[in-house]
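Visitor: Letter by letter, the chains look like this.
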Amino acid sequence: MPVSARNPLDKNGPRFAFDLSYLPTLSKYALAVALTAIFLGLRWLLDPLLGNRVPAAIIVPAVVFLVVFVGMGPAILATILGLLGAILFFALPRHMLSPHDPGAAILLLFYLLICAAIIATGEAVRRRGHELIRSEERFRAFVSASSDVMYSMSPDWKEMRYLEGREFIADTNHPERNWVEKYIHPQDQPQVMSAIRQAITTKSIFELEHRVLRADGSLGWTHSRAVPLLDSKGEIVQWFGTASDVTARRQAEDALRQSHETFSELIERAPYGIYVADAQLRITSMNASSQNGAFRNVRPVIGRDLSEALRILWPQAVADEITAQFRNTLKTGEPFYSRDFVRPRQDMQLVEAYEWELHRITLPDSQNGVICYFFDSTKLREAEQALRDRTEELMAMFERMPAMVWISRDPECRVMTGNAMGTQVYGIRRDDNVSATAPDSERLPIRHFDSSGRELRPEELPMQRAAATGRPVENTEMEVLLPDGRRIWIWGNATPLFAADGKVRGAISTYFDVSWQKQMEAALRANERLALAGRLSATIAHEIHNPLDTVGNALFLLKQKIVERQETQELIDIAQSEVARVAEISRNLLNLNRDSREASVVSPSKLLDDSVALIERTLVHGSRRIQLAHGFDGTIEAYPSELRQVFTNILRNAVEATSEGGSIRISTQPTHEAGEGGVLIRVVDDGTGIPDNFRSKLFSAFVSSKGENGTGLGLWVSRSIVQRHGGIIALANNSDGSQGTTVSIFLPSKIGLPAGVSEGARAAGESGQ
Amino acid sequence: MNEVWGPLILCVDDERTGLLMRKLLLEAKGYRVVTAESGAEGIAILSTQAVDLVLLDYMLPGEDGGVIAEKMKKIKPLAPILMLSAYVDLPSERLACVDRYVIKGQAPTTLLNAVTDMLDGSSTASSQPPAA
Numbered sequence: 001m002p003v004s005a006r007n008p009l010d011k012n013g014p015r016f017a018f019d020l021s022y023l024p025t026l027s028k029y030a031l032a033v034a035l036t037a038i039f040l041g042l043r044w045l046l047d048p049l050l051g052n053r054v055p056a057a058i059i060v061p062a063v064v065f066l067v068v069f070v071g072m073g074p075a076i077l078a079t080i081l082g083l084l085g086a087i088l089f090f091a092l093p094r095h096m097l098s099p100h101d102p103g104a105a106i107l108l109l110f111y112l113l114i115c116a117a118i119i120a121t122g123e124a125v126r127r128r129g130h131e132l133i134r135s136e137e138r139f140r141a142f143v144s145a146s147s148d149v150m151y152s153m154s155p156d157w158k159e160m161r162y163l164e165g166r167e168f169i170a171d172t173n174h175p176e177r178n179w180v181e182k183y184i185h186p187q188d189q190p191q192v193m194s195a196i197r198q199a200i201t202t203k204s205i206f207e208l209e210h211r212v213l214r215a216d217g218s219l220g221w222t223h224s225r226a227v228p229l230l231d232s233k234g235e236i237v238q239w240f241g242t243a244s245d246v247t248a249r250r251q252a253e254d255a256l257r258q259s260h261e262t263f264s265e266l267i268e269r270a271p272y273g274i275y276v277a278d279a280q281l282r283i284t285s286m287n288a289s290s291q292n293g294a295f296r297n298v299r300p301v302i303g304r305d306l307s308e309a310l311r312i313l314w315p316q317a318v319a320d321e322i323t324a325q326f327r328n329t330l331k332t333g334e335p336f337y338s339r340d341f342v343r344p345r346q347d348m349q350l351v352e353a354y355e356w357e358l359h360r361i362t363l364p365d366s367q368n369g370v371i372c373y374f375f376d377s378t379k380l381r382e383a384e385q386a387l388r389d390r391t392e393e394l395m396a397m398f399e400r401m402p403a404m405v406w407i408s409r410d411p412e413c414r415v416m417t418g419n420a421m422g423t424q425v426y427g428i429r430r431d432d433n434v435s436a437t438a439p440d441s442e443r444l445p446i447r448h449f450d451s452s453g454r455e456l457r458p459e460e461l462p463m464q465r466a467a468a469t470g471r472p473v474e475n476t477e478m479e480v481l482l483p484d485g486r487r488i489w490i491w492g493n494a495t496p497l498f499a500a501d502g503k504v505r506g507a508i509s510t511y512f513d514v515s516w517q518k519q520m521e522a523a524l525r526a527n528e529r530l531a532l533a534g535r536l537s538a539t540i541a542h543e544i545h546n547p548l549d550t551v552g553n554a555l556f557l558l559k560q561k562i563v564e565r566q567e568t569q570e571l572i573d574i575a576q577s578e579v580a581r582v583a584e585i586s587r588n589l590l591n592l593n594r595d596s597r598e599a600s601v602v603s604p605s606k607l608l609d610d611s612v613a614l615i616e617r618t619l620v621h622g623s624r625r626i627q628l629a630h631g632f633d634g635t636i637e638a639y640p641s642e643l644r645q646v647f648t649n650i651l652r653n654a655v656e657a658t659s660e661g662g663s664i665r666i667s668t669q670p671t672h673e674a675g676e677g678g679v680l681i682r683v684v685d686d687g688t689g690i691p692d693n694f695r696s697k698l699f700s701a702f703v704s705s706k707g708e709n710g711t712g713l714g715l716w717v718s719r720s721i722v723q724r725h726g727g728i729i730a731l732a733n734n735s736d737g738s739q740g741t742t743v744s745i746f747l748p749s750k751i752g753l754p755a756g757v758s759e760g761a762r763a764a765g766e767s768g769q
Numbered sequence: 001m002n003e004v005w006g007p008l009i010l011c012v013d014d015e016r017t018g019l020l021m022r023k024l025l026l027e028a029k030g031y032r033v034v035t036a037e038s039g040a041e042g043i044a045i046l047s048t049q050a051v052d053l054v055l056l057d058y059m060l061p062g063e064d065g066g067v068i069a070e071k072m073k074k075i076k077p078l079a080p081i082l083m084l085s086a087y088v089d090l091p092s093e094r095l096a097c098v099d100r101y102v103i104k105g106q107a108p109t110t111l112l113n114a115v116t117d118m119l120d121g122s123s124t125a126s127s128q129p130p131a132a
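Chains Y and Z supply the protein sequences, listed in that same order.
Taking the working numbering, the leading residue of the first sequence gets 1, the next gets one more, and so forth.
Taking the working numbering, the leading residue of the second sequence gets 1, the next gets one more, and so forth.
Simulated from the structure, these hints should not be mistaken for lab results.
Be aware that a few hints might be false.
What the hints assert, rightly or not - Sample of chain Z residues lacking proximity to chain Y, with all beta carbon distances greater than 12 Å (derived):
no. : residue
1   : D13
2   : L24
3   : A28
4   : S85
5   : Y87
6   : I103
Claimed, not checked - Example chain Z residues on the side facing chain Y (calculated, C-beta under 7 Å, incomplete):
no. : residue
7   : P7
8   : M21
9   : L25
Cβ coordinates follow ideal geometry from the N, Cα and C atoms, glycine included.
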């Protein structure tokens, strides 16, 4: 398309006033011929008037005009035509050019016709060009209205001539060679340059969507198009381009794509398998979980016939069964949910379990398809099986344990049933409810007593306490009166059971029948009393021999009658007092051994005095000092002979631990322990202290630091006696830092305190270790 | 009472009544008796007087009769020691330095016979206590 070399869509518009360089070449030459003809005609007309003096140079202004405004070509043409005209018309005599001369007139007319034809043609062409310009102006206006950016580029795109950015991107008003850096996002530059090269090579439209730096400094997206403007020889003279701001659309597209990608990712990475079969039961899509899971041995799987794929996975019958379900769902639209699908794989030596379901869906081709959701429940089933196995083991253990186990599954322990051992020991039926807090109609006549013989209330029982407090209740010993009238001793622990929300949902307890052990302990206790008496007897015998010796000597002297009368009386007095001494020792020994099962009101200070007297008579020789300091002169309820046994034991230990010249300080004082009034007895010696290796087992049976001289039952019996009184006994090394042992015994003023005292005593015992 | 020239017996016992009674008994039999209420006092007397026999109680305050006997033998190895005790089963090592052992509470003649035997020097070795 022939277009003027000057930009018709230049911002400043075409300059029609003088600059005729935009005219088509032909028009320029026509203009040159016309101007030559006009000046030649002018001369011809003027010549007769001026007397043939008009020079040929009259053509010069026309030539100058052409040179300046039209071009060198037309100017040369005009010069040649002017010279020819001068030769043709003015070299001849004037009469030969007479208008009457028909030859000359015809020649001139012909000459003018040629000029007119040339001018007409040029004008036609010029008009066409003009229309084009106008249409391009309209195009520009249209482009301005519909585009955000207009720009012009040099033919090789090296230079941007101008760019009107309309606030989308910055303007360029002067030729700019660094336009790439100015406008194009660095990552998109290679892509842009490649598209430009392509457009230049093919001389075709440049079109690309890319990122640009926006006027406000942010990044935007633009859709850019540029057309090459060609000259008459088909060479690109410039590129005219427009660009639209497509940022919002791109962002919307990005968001959409991202959401789509997220969703796809979600499906793809879902922990369960998803796949779709079309109306022909071909697998059309499948997520990664399916592909890498159940279908791991089917490659490729997309596009494969469903039943064929399934036959790779499962034995024929199983594959057919699944395919039939697909077909049914596809046909009827009924969803299908698998149940207990555990099958051996065809492709592996495995049994796998799956939960799967089918739903009919409409596919993009608007035909029906079936979507299958599934997950591999093999592990779950294995875990379930393992849980079943463990439960079975626990149940077997519960059932066959050689201990009584009671379980209650309500927080009030209203229903309590036991294992085989429990029901057997209790002599009851399996479904009997042994709970003491059971409804009246179900409750069995079972009663519980603590070690002091006090009957326990239902809420004091270990399981009820464990459930009520949410804490384990340990080392409980109780005597149980069974429905058949038997009495047994049980020992064990109870612990609460918690629901998932942390609330107590019941309790469980384990007990041993310790009746036999209790009998053994009673025998041991009796034995210890005898042993204590026995040990004392040996020393008593020693001490009795002293007065006996004196009495014997006195009697001998009296019998020999070798003493004076006055001396005789003296000897009799001595013998009498020595005999009284023997009697007192004997009485103390008997008191120790007397078995009084009945509690009575006693003075602990008096009992201590008696024990000290016994010990002093029998054991203490030389310089051990026993100091008594009574701060308590009241009475308490107690079993006197048992307390005597405790005091004698403790004192004996103190004496044996101290060396000659040592001291034993005994004190009593009124005190309160856990709100109970009573007496605190302290026996402090300056002996060897508690050997380290006995600390943890001071109160255990058969533990002695005295070798063959001890039964190892003294403290064990003492503690059980003190606990029977509801008291506390503790041993510790002296608190003031001096060497020796301090024994503290708390005895309440009334025997038989509620449960908890035994725990207190245990705590006290532990604190003393 | 021809006690003036009789043999001198040192009686050691912390129990004053018994000691007094033993003194009376021995004096009635013609012995001279000097008493001590502790082992230390006994050793002091032994080292200053010509004691013919020591009658030593086992259970004494501080050091027991066995230890005292050992110390006495170092001072006067030839003075016979008769150990008296209410214990029937004293370990033999406690009696290593003792010439004879008599249990308290037996008939007074047992003690007197033992004393006579030992002072006669008939045999100290053969009179070892059977209950050792």
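Visitor: Does each hint hold? Answer for all of them.
Guide: Quick rundown of the hints versus the structure:
no., hint, result
1, D13, "violated, 9 Å"
2, L24, "violated, 6 Å"
3, A28, "violated, 5 Å"
4, S85, "violated, 8 Å"
5, Y87, "violated, 5 Å"
6, I103, "violated, 7 Å"
7, P7, "violated, 18 Å"
8, M21, "holds, 4 Å"
9, L25, "holds, 5 Å"
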